[in-house]
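Asker: Sequence:
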Amino acid sequence: MSKKLPTRSEDYSAWYNELVKRAGLAENSPVRGCMVIKPYGYAIWEKMQRALDDMFKATGHQNAYFPLFVPKSFLEKEEEHAEGFAKECAVVTHYRLKANPEGGLMVDPEAKLEEELIVRPTSETVIWNTYKGWIQSWRDLPILVNQWANVVRWEMRTRLFLRTTEFLWQEGHTAHATEQEAIEETEQMLGIYAEFAENWMAMPVIQGLKTPAERFAGAEETYCIEALMQDGKALQAGTSHFLGQNFSKSFEVQFVGKDNKLEYPWATSWGLSTRMMGALVMAHSDDNGLVLPPKLAPIQVVIVPIYRQEEDLVKIVEKINPIMEELKSLGITVKFDDDDKYKPGYKFAEYELQGIPVRLGIGMRDLENGTIEVARRDTLTKETKPIDGIANYIKDLMNEIQQSIYDKALKFQQENTFVVETWDEFKSQIEIGGFVVAHWDGTAETEEKIKQKTKATIRCIPLNSIEMAGKCIYSGNDSPKQVVFAKAY
RNA sequence: CGGGGCGUAGCACAGCCUGGUAGUGUGCUCGGUUUGGGACCGAGAGGUCGCAGGUUCGAAUCCUGCCGCCCCGACCA
Numbered sequence: 034m035s036k037k038l039p040t041r042s043e044d045y046s047a048w049y050n051e052l053v054k055r056a057g058l059a060e061n062s063p064v065r066g067c068m069v070i071k072p073y074g075y076a077i078w079e080k081m082q083r084a085l086d087d088m089f090k091a092t093g094h095q096n097a098y099f100p101l102f103v104p105k106s107f108l109e110k111e112e113e114h115a116e117g118f119a120k121e122c123a124v125v126t127h128y129r130l131k132a133n134p135e136g137g138l139m140v141d142p143e144a145k146l147e148e149e150l151i152v153r154p155t156s157e158t159v160i161w162n163t164y165k166g167w168i169q170s171w172r173d174l175p176i177l178v179n180q181w182a183n184v185v186r187w188e189m190r191t192r193l194f195l196r197t198t199e200f201l202w203q204e205g206h207t208a209h210a211t212e213q214e215a216i217e218e219t220e221q222m223l224g225i226y227a228e229f230a231e232n233w234m235a236m237p238v239i240q241g242l243k244t245p246a247e248r249f250a251g252a253e254e255t256y257c258i259e260a261l262m263q264d265g266k267a268l269q270a271g272t273s274h275f276l277g278q279n280f281s282k283s284f285e286v287q288f289v290g291k292d293n294k295l296e297y298p299w300a301t302s303w304g305l306s307t308r309m310m311g312a313l314v315m316a317h318s319d320d321n322g323l324v325l326p327p328k329l330a331p332i333q334v335v336i337v338p339i340y341r342q343e344e345d346l347v348k349i350v351e352k353i354n355p356i357m358e359e360l361k362s363l364g365i366t367v368k369f370d371d372d373d374k375y376k377p378g379y380k381f382a383e384y385e386l387q388g389i390p391v392r393l394g395i396g397m398r399d400l401e402n403g404t405i406e407v408a409r410r411d412t413l414t415k416e417t418k419p420i421d422g423i424a425n426y427i428k429d430l431m432n433e434i435q436q437s438i439y440d441k442a443l444k445f446q447q448e449n450t451f452v453v454e455t456w457d458e459f460k461s462q463i464e465i466g467g468f469v470v471a472h473w474d475g476t477a478e479t480e481e482k483i484k485q486k487t488k489a490t491i492r493c494i495p496l497n498s499i500e501m502a503g504k505c506i507y508s509g510n511d512s513p514k515q516v517v518f519a520k521a522y
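My numbering puts the first residue of the first sequence at 34, with every later residue one more than the last.
Treat the hints loosely; a few may be bogus.
[As the list claims (entries may be wrong)] Listed next, with one range per pair, are the computed distances between beta-carbon atoms:
1) 441 with 504: 52 to 62 Å
2) 213 with 169: 16 to 26 Å
3) 167 with 129: 17 to 27 Å
4) 167 with 113: 38 to 48 Å
5) 289 with 454: 16 to 26 Å
6) 361 with 476: 37 to 47 Å
7) 485 with 426: 54 to 64 Å
8) 169 with 121: 45 to 55 Å
9) 143 with 213: 22 to 32 Å
[Claimed, not checked] Dumping the calculated DSBU-like pairs for lysine-lysine here, alpha-carbon to alpha-carbon at most 35 Å:
10) 165 with 294
11) 441 with 361
12) 165 with 90
13) 374 with 444
14) 428 with 380
15) 328 with 348
16) 488 with 266
17) 131 with 90
18) 266 with 282
19) 428 with 120
20) 145 with 105
Calculated from the structure, these hints are not laboratory results. Note that the Cβ used here is the ideal one computed from N, Cα and C, for glycine as well.
With the hints as constraints, model all of the structure from the sequences given.
Answerer: Right, here's the structure in full:
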């Protein structure tokens, strides 16, 4: 195996795949389209889970768990939903194997299920079937539930983290007495996703609405956050759906309101998946490996001792122990790497590959001078600092790095967002990449034509886009506001 | 499902065209010297060459069939 990663600019895809594997995040599994998330990758995912879960709880949500299997009849109930997911479902048809006369095992034809079970591609149907039993009165509402789960979508082509057959996510499913309340919930959760992306992942996003063509199957309105990757392609990073009364009607869920009238509750659902791991990699990493924002780094500081003799190491340990304690008491996760199987240079490269935000180096020279070497992963800069007061310095540095990674990503996003007025400009800019802001006449036909001709899709209609009359770049018809186009993952 | 490519040591590959009984890098094991940016020297372990059949005195190499994987498209909250 070569020691160098491929470079980002030469072959982005190869760089990404190699990085995900080499940094110890995940690898392909022998099972079609599925991946193995390795301990280091999972540790980052756990930090993401924790951050999101805290935000969900702070807004009154609770966790619950619903079945993996969806009876086919459930999936059929909401027509658009059924149509949208039908093409990508794994289906359980039998419940038993038996010995094959020719060796090995075979499906027992006697054990055919009367009704096929679908491995959930999403849980709206099982959950609304359950909510039927939970909701009778306005007093039962709202229901604010989230589940952490795995889902299966049988996509034709897969990519580590970005589109795997099985993936992990959270899906929130809420029920409300009024339309207004449900819309507010949808928007609130989108806001939480945006806050998570920007404050935790240090990844700026555009919040917006999907066009009807890009909407979740069965939703009245789909809100999303869209991020820009370093190769100029967009990535849908999270979605929040206003489901109207589609599911409550399909599953015949009704409640008696304060006015003693029967009503259908209003629903939302919102999800964010392990795809965010891919986003994290593609948003910040460089040719030396991952760059993790401190808030999501499983290890925030690594200390590498540099020594020749065993007694030198003892001296270093003596010096470093109180600093480790101090860092821990400041809430910083720190690892001291005295593994003598590898040389310092090897360790430096390895921790850079893993994106550890700060590396401290300490050797005899430092012990004499009362100093320590501080290396930043994000800027790849090194400086020698006095060892006194180093813990507090590191504490501040964590915040500075978090901010600096965000600023860099924001600058990249801004520099790669282009406003275009004409079809020619549009075509050439889409080829180059980035977010392309342009007028659109609002029709599905135009949207489809543009997609066919350029492979660009409307990523979203930004929530903050201002009303500004113009002409559609494709049809020349009137357009009330600009939308964001891009090629997407 | 279409178009292209690949299957040889843990990993990455060469060898195949022109058949002669398997090699390089890296990783691994042991010993020694090293240690402030991926160390060096020496010794060693590790492969039914994807599977099945055929041609041949002889097949990783040629032929046929099958299986698997990757890339590009179609598909994709």
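Asker: Work down the list of hints and note, for each, if the structure agrees.
Answerer: Here is what the structure says about each hint:
With their beta carbons about 35 Å apart, residue 441 and residue 504 fall outside the hinted range of 52 to 62 Å. At roughly 22 Å, the beta carbons of residue 213 and residue 169 sit within the given window of 16 to 26 Å. Distance hint check: the CB atoms of residue 167 and residue 129 are about 34 Å apart, inconsistent with the given range 17 to 27 Å. One distance hint, 38 to 48 Å for the beta-carbon pair residue 167 and residue 113, is violated here, with the actual separation near 24 Å.
Distance hint check: the CB atoms of residue 289 and residue 454 are about 55 Å apart, inconsistent with the given range 16 to 26 Å. At about 59 Å, the CB distance of residue 361 to residue 476 disagrees with the hint of 37 to 47 Å. Checked against the hint of 54 to 64 Å, the C-beta distance between residue 485 and residue 426 comes to roughly 56 Å, which is consistent with it. About 35 Å separates the C-beta atoms of residue 169 and residue 121, a value inconsistent with the hinted range of 45 to 55 Å.
One distance hint, 22 to 32 Å for the beta-carbon pair residue 143 and residue 213, is violated here, with the actual separation near 54 Å. For the suggested pair residue 165 and residue 294, the alpha carbons sit about 17 Å apart, so the restraint of at most 35 Å is met. Restraint check: the Cα-Cα separation between residue 441 and residue 361 comes to about 28 Å, which is no more than 35 Å; the hinted pair holds. Note on residue 165 and residue 90: the hinted pairing holds, with a Cα-Cα distance of about 24 Å set against a maximum of 35 Å.
Among the hinted pairs, residue 374 with residue 444 is inconsistent with the structure: their alpha-carbon atoms are about 41 Å apart, more than 35 Å. For the suggested pair residue 428 and residue 380, the alpha carbons sit about 23 Å apart, so the restraint of at most 35 Å is met. The straight-line distance between the Cα atoms of residue 328 and residue 348 is roughly 31 Å, inside the 35 Å bound, and the hint therefore holds. Between residue 488 and residue 266, the direct Cα distance comes to roughly 11 Å. Compliance with the 35 Å bound is thereby established for this hinted pair.
At most 35 Å may separate the alpha-carbon atoms for a hinted pair to count; residue 131 and residue 90 exceed this at roughly 47 Å. For the given pair, residue 266 sits about 38 Å from residue 282 by alpha-carbon distance, which is inconsistent with the 35 Å threshold. With a CA separation close to 50 Å, the supplied pair residue 428 and residue 120 exceeds the 35 Å bound. Our distance criterion of 35 Å between C-alpha atoms is met by residue 145 and residue 105, whose separation comes to about 14 Å.
This entry does not satisfy hints 1, 3, 4, 5, 6, 8, 9, 13, 17, 18, 19, going by the numbered hints stated previously.
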